[in-house]
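Produce the complete structure using the sequences and hints provided.
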Amino acid sequence: MIKVQNLSFHAEQNSTTTANSQSGLLMVNKIQHSPSKEGVSYKPVANKRALDRHALEALKNISKKNGFDFYTLKASDDEIAQILTNTEKTQLSPECSDKSSFSLGFESERSLLRLYRVQLLLEQDQSEFSAYTKFIKTQPDEFKLSFQSFRDLRNFCKTLTEEEREVFRLTAILKPSRSLIENYKDLTPNFPSDSELMLSKVMQLNADELKFIPGASKFNANQDALLAKAYPEYAHLRHIIFQESTTKELMQGINNISKNDMSMWKARWISDLCAFDRNGYGITESIYQRMQTIFNLVEEVQDNKIDVLEFQEKYSEHLDSLYNLDERVSNSRFDSVDRKIICQLISYFENPTNEIISNIISGYESFDSDIKENLKKNYVNVINSKECEAPTYLPAVLKTALSEFEKLSEVDHHDAMSLAAKYTLDVLNVVYAHLTLHPENIISARDAAYGENWKKGNWAKCYLEKCIDFNIDEKSLLVVTKKTI
Numbered sequence: 001m002i003k004v005q006n007l008s009f010h011a012e013q014n015s016t017t018t019a020n021s022q023s024g025l026l027m028v029n030k031i032q033h034s035p036s037k038e039g040v041s042y043k044p045v046a047n048k049r050a051l052d053r054h055a056l057e058a059l060k061n062i063s064k065k066n067g068f069d070f071y072t073l074k075a076s077d078d079e080i081a082q083i084l085t086n087t088e089k090t091q092l093s094p095e096c097s098d099k100s101s102f103s104l105g106f107e108s109e110r111s112l113l114r115l116y117r118v119q120l121l122l123e124q125d126q127s128e129f130s131a132y133t134k135f136i137k138t139q140p141d142e143f144k145l146s147f148q149s150f151r152d153l154r155n156f157c158k159t160l161t162e163e164e165r166e167v168f169r170l171t172a173i174l175k176p177s178r179s180l181i182e183n184y185k186d187l188t189p190n191f192p193s194d195s196e197l198m199l200s201k202v203m204q205l206n207a208d209e210l211k212f213i214p215g216a217s218k219f220n221a222n223q224d225a226l227l228a229k230a231y232p233e234y235a236h237l238r239h240i241i242f243q244e245s246t247t248k249e250l251m252q253g254i255n256n257i258s259k260n261d262m263s264m265w266k267a268r269w270i271s272d273l274c275a276f277d278r279n280g281y282g283i284t285e286s287i288y289q290r291m292q293t294i295f296n297l298v299e300e301v302q303d304n305k306i307d308v309l310e311f312q313e314k315y316s317e318h319l320d321s322l323y324n325l326d327e328r329v330s331n332s333r334f335d336s337v338d339r340k341i342i343c344q345l346i347s348y349f350e351n352p353t354n355e356i357i358s359n360i361i362s363g364y365e366s367f368d369s370d371i372k373e374n375l376k377k378n379y380v381n382v383i384n385s386k387e388c389e390a391p392t393y394l395p396a397v398l399k400t401a402l403s404e405f406e407k408l409s410e411v412d413h414h415d416a417m418s419l420a421a422k423y424t425l426d427v428l429n430v431v432y433a434h435l436t437l438h439p440e441n442i443i444s445a446r447d448a449a450y451g452e453n454w455k456k457g458n459w460a461k462c463y464l465e466k467c468i469d470f471n472i473d474e475k476s477l478l479v480v481t482k483k484t485i
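For the sequence shown, the UniProt record's numbering gives the first residue as 1, with consecutive numbering after it.
Rather than coming from a laboratory, the hints here were simulated on the basis of the structure. Some hints here could point you the wrong way.
[Stated by the list, open to error] The list that follows gives simulated cross-link-like pairs (lysine-lysine, DSSO-like), each with its CA atoms no further than 30 Å apart:
| # | residue 1 | residue 2 |
| --- | --- | --- |
| 1 | K211 | K144 |
| 2 | K74 | K64 |
| 3 | K158 | K74 |
| 4 | K407 | K248 |
| 5 | K158 | K259 |
| 6 | K137 | K211 |
| 7 | K377 | K483 |
| 8 | K407 | K455 |
| 9 | K475 | K248 |
| 10 | K399 | K144 |
| 11 | K305 | K399 |
| 12 | K456 | K399 |
Remember, it's a predicted structure, so these values are computed and weren't measured experimentally.
This is how it looks when you write it as structure tokens:
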């Protein structure tokens, strides 16, 4: 039997730590186990103590920073325990890889903000406009979610049952924390390394009664099944939104979503997008339009109205329209493939401004014509292939490149984005050339997206001086950037 020792946290507005409490000490999901897997579950202790005052103050401060009172969340003890599993240092989310050990920082902040916005979507006891103004409070005017789009989100939430609503709330705070993953990894052979596949695996194991998820400790069997349906393998909506998926990944993901599971899959990604970005804008109008288009296209595939290749074509057409390329580019200069690649680069940004769009187009137009033709040929091969694996870290390459070129005094602000676009096109060229020959390989652009590598190699300066080269390391399958002189 596996013995699970957990601490259930109880938040009280006027709570103080007891005399026996150890100040600053949190214990979450510490387990001891023997080989048997029968009867495994998360078991809150019978005698609850008040939430540790340091953790409580941190949660209250994070909430205040984001413009709401912690107690308005009406979070259960299990939900708070779930949020606190995100406090330890983890390498599973690239954005938080530089965080110090044990911090109620990045992941906890995103969890609280997601839960707050999910609650605004679910609660019907305040005016719709009041909930809307709170939902968009931090969003700049140019990205602001429209009131009609917010109303559509609320109307979707009204269709959820009470059990589905509880699962929806949990998806807002459920992340692949190290303590959670280690509990399952010790019991499961061939545990996946990708964070999304980890979550899919964990939800299935939870439904199979290996219950280590604090927030789901009181869920019944139906809710455990609903939770698993919210995380089908390879159905990674953000990969699709930001054009990181290949045809193979799209086919796998859509095939894993049954029509009966669509509501929970949608709910999970709505909660995720409520606070997925560093700026904390969440679901802006641009994100909503892309998300809703994908939801509609998935349903068209399920109804056998279109296939996956037509899905991609229609999504590209949507992006072309969303970014208003008809008025920005000439058909005599750019064909349909050019426009698709431009849209892909633009889509790497959550909320691309008009300036970003214009400068990406400028960078693409001035990119080396011979390399561009080779890139276009291999892009078509990859898009039409049902065998290619999806490369990783490509959006991060563009964003890091932009950041590094902006630091150069000799680079004008407007030129930084064009240079970043061209740098990313060079990376895409070697990635797609490799995938055309070896579609089974998963190429990682991690090193090309790591800011410290740029600084050590002085890559921004080298790129300006045209003394840099790109290739794929055949063993590690990493994009390698090297100086040529």
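Cross-check of the supplied hints:
Distance restraint check for K211 and K144: the Cα-Cα separation of roughly 39 Å exceeds the 30 Å cut-off, and the hinted pair is therefore not satisfied. With a C-alpha separation of about 15 Å, the suggested pair K74 and K64 falls inside the 30 Å cut-off, and the hint holds. Annotation: proposed proximity of K158 to K74 holds, straight-line Cα distance about 19 Å (limit 30 Å). Distance hint between K407 and K248 is unfulfilled; the C-alpha atoms sit about 38 Å from each other, more than 30 Å.
The straight-line distance between the Cα atoms of K158 and K259 is roughly 19 Å, inside the 30 Å bound, and the hint therefore holds. Straight-line distance between C-alpha atoms of K137 and K211 comes to about 37 Å, which puts the hinted pair past the 30 Å bound. The straight-line distance between the Cα atoms of K377 and K483 is roughly 26 Å, inside the 30 Å bound, and the hint therefore holds. Taken as a hint, the K407 and K455 pair is honoured in the structure, with Cα atoms around 11 Å apart against an allowance of 30 Å.
Between K475 and K248, the direct Cα distance comes to roughly 23 Å. Compliance with the 30 Å bound is thereby established for this hinted pair. Straight-line distance between C-alpha atoms of K399 and K144 comes to about 22 Å, which keeps the hinted pair within the 30 Å bound. A C-alpha spacing of about 36 Å is found between K305 and K399, which places the hinted pair above 30 Å, so the restraint is violated. Proposed proximity of K456 and K399 is supported: the alpha carbons are some 18 Å apart, at most 30 Å.
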